[in-house]
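Its first residue numbered 1, the sequence shown is counted upward by one per residue in the working numbering.
Honestly, the hints are just simulated from the structure, not real lab data. Each residue gets a CB set at the ideal place from its N, CA and C atoms; glycine is no exception. Be aware that a few hints might be false.
What the hints assert, rightly or not - With a straight-line cut-off of 25 Å between C-alpha atoms, the simulated SDA-like cross-links for lysine to any residue are:
(1) Lys93 to Glu148
(2) Lys143 to Gly96
(3) Lys163 to Pro110
(4) Lys143 to Tyr167
Stated by the list, open to error - Label-pair distances were calculated between CB atoms; the ranges are:
(5) Arg4 to Tyr132: 31 to 41 Å
(6) Val23 to Arg176: 21 to 31 Å
(7) Arg176 to Glu148: 21 to 31 Å
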Amino acid sequence: MRVRLIRKFANRLDGLDVSNVRVGEAIEVPESVAAVLIAEGWAELVDGPVPMRRRVRVLVVDDEPAIQQSLSSFLQNQGFAPFRAATIEAALKIFGEQEVDALILDLSLPDPGGFAPSGMTLLAYLRSCPEYAQLPVVVFTGKILTAEEEARIKQYRATLFYKPRPYIALVECLRRSTVHVSAA
Numbered sequence: 001m002r003v004r005l006i007r008k009f010a011n012r013l014d015g016l017d018v019s020n021v022r023v024g025e026a027i028e029v030p031e032s033v034a035a036v037l038i039a040e041g042w043a044e045l046v047d048g049p050v051p052m053r054r055r056v057r058v059l060v061v062d063d064e065p066a067i068q069q070s071l072s073s074f075l076q077n078q079g080f081a082p083f084r085a086a087t088i089e090a091a092l093k094i095f096g097e098q099e100v101d102a103l104i105l106d107l108s109l110p111d112p113g114g115f116a117p118s119g120m121t122l123l124a125y126l127r128s129c130p131e132y133a134q135l136p137v138v139v140f141t142g143k144i145l146t147a148e149e150e151a152r153i154k155q156y157r158a159t160l161f162y163k164p165r166p167y168i169a170l171v172e173c174l175r176r177s178t179v180h181v182s183a184a
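Let the sequences and hints guide you as you build the complete structure.
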């Protein structure tokens with residue numbers, strides 16, 4: 001399938017090195033690679049049918065509206081389909097209504113019960129549910145964690161990023177952990 005690069009792409013994709021291809025240059029790539037390059041905004045189709053690729057659905061759970069908005073916008077621009085929630089209740093409602101492929105979770109959410117950081121409570125709950133046991137989770141928090149809290153996050157198979165951290169690092173983590181979804 002022929003695509004034309006519209007932005008510089010400096011990575012390997014499915015074993016194909018396109019780092020030496022100039023912007024505006026058309027190249028022949030497998031359909032799976034074309035689907036990713038087009039969906040992520042790196043290339044445009046030169047000819048043929050547009051390959052179908054499902055956007056990865058990411059739930060952003062953070063009680064700070066500015067972070068919710070900016071992170072969701074960034075994810076959208078990177079080819080993801082973001083959902084937003086500010087509380088555990090709102091997040092659980094989305095999980096009940098939508099298929100979610102990955103989760104970005106703040107730990108310092110309002111916790112009505114006051115027993116534990118509610119982000120950690122949500123993470124523990126999701127890991128106890130068979131349908132979410134393998135869900136890719138990125139914990140994105142400004143809270144300084146104890147060694148015990150970091151160990152719990154590791155135990156729950158989540159990736160930890162401290163705020164402020166460039167959003168592109170989160171995106172790279174999401175791409176690695178959801179490659180099976182985006183190829184579907």
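Here is what the structure says about each hint:
no.	hint	verdict
1	Lys93 to Glu148	violated (30 Å)
2	Lys143 to Gly96	violated (28 Å)
3	Lys163 to Pro110	holds (18 Å)
4	Lys143 to Tyr167	holds (17 Å)
5	Arg4 to Tyr132: 31 to 41 Å	holds (39 Å)
6	Val23 to Arg176: 21 to 31 Å	holds (25 Å)
7	Arg176 to Glu148: 21 to 31 Å	holds (27 Å)
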